[in-house]
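Keeping the supplied structure of chain H fixed, place chain U upon it in accordance with the hints.
What follows is the residue order along each chain.
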Amino acid sequence: MSKAANELSITEASRALRARELTVRELWDACAEAARAKNPELNAYLELFDADDVAIEAAQARIDAEGAPPAGGAPMLCGIPLAIKDNILIEGHIASAASKILEHYTATYDATVITKLREAGALFLGRTNMDEFALGGSTENSAYGPTLNPHDTSRVAGGTSGGSAAAVAAHLAIAALGTDTGGSVRNPASHCGVVGMKPTYGGVSRSGVIAAASSFDQVGPITKSVADAEILLRAIAGRDVLDATSIPEDLYTPQEVTSPMRIGVPRHLLAKGGIDEGVKSAFEATLRGLEAAGHTLVDIELPSADPSLAAYYIINFAEVSANLARYDGIRYGTSARGESLAEDYVRARTEGFGRETRRRIVLGTFVLSAGYIDAYYRTAAGAREALRGDFAQAFKKADVIATPTMPTPAFVLGAKSDPLSLYLEDVFTVLANLTGMPALSVPMSATGLPMGFHLTAPHQAESRLFTMGREIELLRPA
Amino acid sequence: MDRDEVLRLAALARVGVAEGELDAFVQDASAIVAYMDQLKGLALPASPAEAERPLLNVMREDGEPHATGRYTEALAAQFPSSVKATEGRPEGTKDSGGVYLQVRQVISHE
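Order-wise, the sequence lines are chains H and U.
Going by our numbering, the first residue of the first sequence is number 1, and it counts up by one from there.
Going by our numbering, the first residue of the second sequence is number 1, and it counts up by one from there.
Just chain H, with the same shape it has in the complex:
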């Protein structure tokens, strides 16, 4: 039984287009139709864009004209409809970061990742829902309502890239882009049963991406398969003169590693409370499957992982409060007028920012203030260095490091309204943002709610993630 066009992966759609089983227009229409039909229930998209006829026709022409591979092939992404997170600028379209303060802000330029995708012939279906300014872990902080989990609509889709993950999981897009600051691509990928990965910090340009925490943020692919994640990553990666923190391809020189690999498991982190039994057993079952496939399991220690979550949030609050200072209602965004300039600022920012956003701004101001900056911010920076050291040591004994992606499966909407309880969900994912290392979440063998298996590799060793990720996919029953 063949799949509907919108249910295809990038790899499958790309093949079908070239085999003339499908036209670009048909593929777009299938995705757009599915999105229109299901989005009112899921709220994955904040806005569906009109078809760009010029781009659709150009993509079709490129495929029609391409010579036989390997010479003259159109890129794999040519004609592929994608969902884009609402904090990535697409010229002429609204980019609101799911906030009221940017409700009517129209992007005046393309993000570099968008420019690269346009050059590859990809198409944009719409902008997806997220936690406001990428602050959260469930998409419940969106100013435009939460996104529901396609597997169980009483539950969250995860966050902050919940809209993108739900869109991919429900086949309302062939693939999507999200952003990951403390796990925001991998978390919703895990909860929605799709693949999500965060590149090495600096691997993908942040130009045109609305900044949350600048030393953590990375754009990452959310896809139906590991192979698709690799295709999408390669299309958007690369040093960019517009982003001084972006790095050349060969800045780090990780060792070439072939299968079988040594899989490092930080057992002490798994022994902590708060991890769902179902997650633990699915994780162990996957490890046993990988062992049976020839890989070696190695115990590793990450002593600095304990204070790392607190360090992550201190740095996050500090950088977020600095980055959000630009939203003043003067040059763009929602404005408000009070009695004085100070009041103009306060009114715009109070009416325009949600509660979690204002909370993080206040806490960021706190950790950076005189008298506290040493105890909090500078100590957190030191803890971050110590964590990097732990990982460097661990990677001498292991080629990849494995944990579950999330300590629990998707929770019921409203169940984690206490902000601290939501922060604690990030315990595994923040480590890769603190160190800048690449990380991948792949759905694990499991019944019931989706759960992700999480892999970290050394800087710029993404190839190890894709190799191991593909093996984990093979372990899952079809």
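Derived from the structure by calculation, the hints contain no laboratory data.
Some clues are possibly wrong.
In silico lysine-lysine, DSBU-like type, Cα no more than 30 Å apart, as pairs [unchecked claim]:
{"hint": "1", "chain 1": "H", "residue 1": "K100", "chain 2": "H", "residue 2": "K396"}
{"hint": "2", "chain 1": "H", "residue 1": "K416", "chain 2": "H", "residue 2": "K38"}
{"hint": "3", "chain 1": "H", "residue 1": "K272", "chain 2": "H", "residue 2": "K396"}
{"hint": "4", "chain 1": "H", "residue 1": "K3", "chain 2": "H", "residue 2": "K38"}
{"hint": "5", "chain 1": "H", "residue 1": "K272", "chain 2": "U", "residue 2": "K40"}
{"hint": "6", "chain 1": "H", "residue 1": "K38", "chain 2": "H", "residue 2": "K100"}
{"hint": "7", "chain 1": "H", "residue 1": "K272", "chain 2": "H", "residue 2": "K100"}
{"hint": "8", "chain 1": "U", "residue 1": "K84", "chain 2": "H", "residue 2": "K416"}
{"hint": "9", "chain 1": "H", "residue 1": "K100", "chain 2": "U", "residue 2": "K84"}
Showing chain U alone in chain H's frame:
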């Protein structure tokens, strides 16, 4: 964290916390600060002194800037408040299509 501290920090950061949400705000913020306090007194390995860190220039070379005015209209269109340049001018003033971007007056000549 107490109410005064939260209000002081909020004022510094130019955000407001309404009276109705202040108590919950203080409670949440205090819990989070208590959580962050686990970092206090953490024994950390010595990191390399500032002077020993290698310095890299990551800034790009100065090159040709983009054409003057290339983004002006698009940027100006984002301003929340603007008026035609002929506003308040005598009748018959030529309308060259110009626009004033309105901001609050902060300097007075009193």
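To see whether the hints hold, each was checked on the structure:
For the hint linking H/K100 to H/K396, the alpha-carbon distance of about 47 Å lies beyond 30 Å, and the restraint is violated. Using a Cα cut-off of 30 Å, the hinted pair H/K416 and H/K38 holds, with the two alpha carbons roughly 26 Å apart. Between H/K272 and H/K396, the direct Cα distance comes to roughly 25 Å. Compliance with the 30 Å bound is thereby established for this hinted pair. A C-alpha spacing of about 18 Å is found between H/K3 and H/K38, which places the hinted pair at or below 30 Å, so the restraint holds.
For the given pair, H/K272 sits about 21 Å from U/K40 by alpha-carbon distance, which is consistent with the 30 Å threshold. Of the supplied pair hints, the one linking H/K38 and H/K100 holds, its CA atoms being roughly 24 Å apart against a limit of 30 Å. With a CA separation close to 39 Å, the supplied pair H/K272 and H/K100 exceeds the 30 Å bound. Of the supplied pair hints, the one linking U/K84 and H/K416 is violated, its CA atoms being roughly 50 Å apart against a limit of 30 Å.
Under the criterion of a C-alpha separation no larger than 30 Å, the hint pairing H/K100 with U/K84 is consistent with the structure, at around 27 Å.
In this structure, the hints that do not hold are numbers 1, 7, 8, in rising order.
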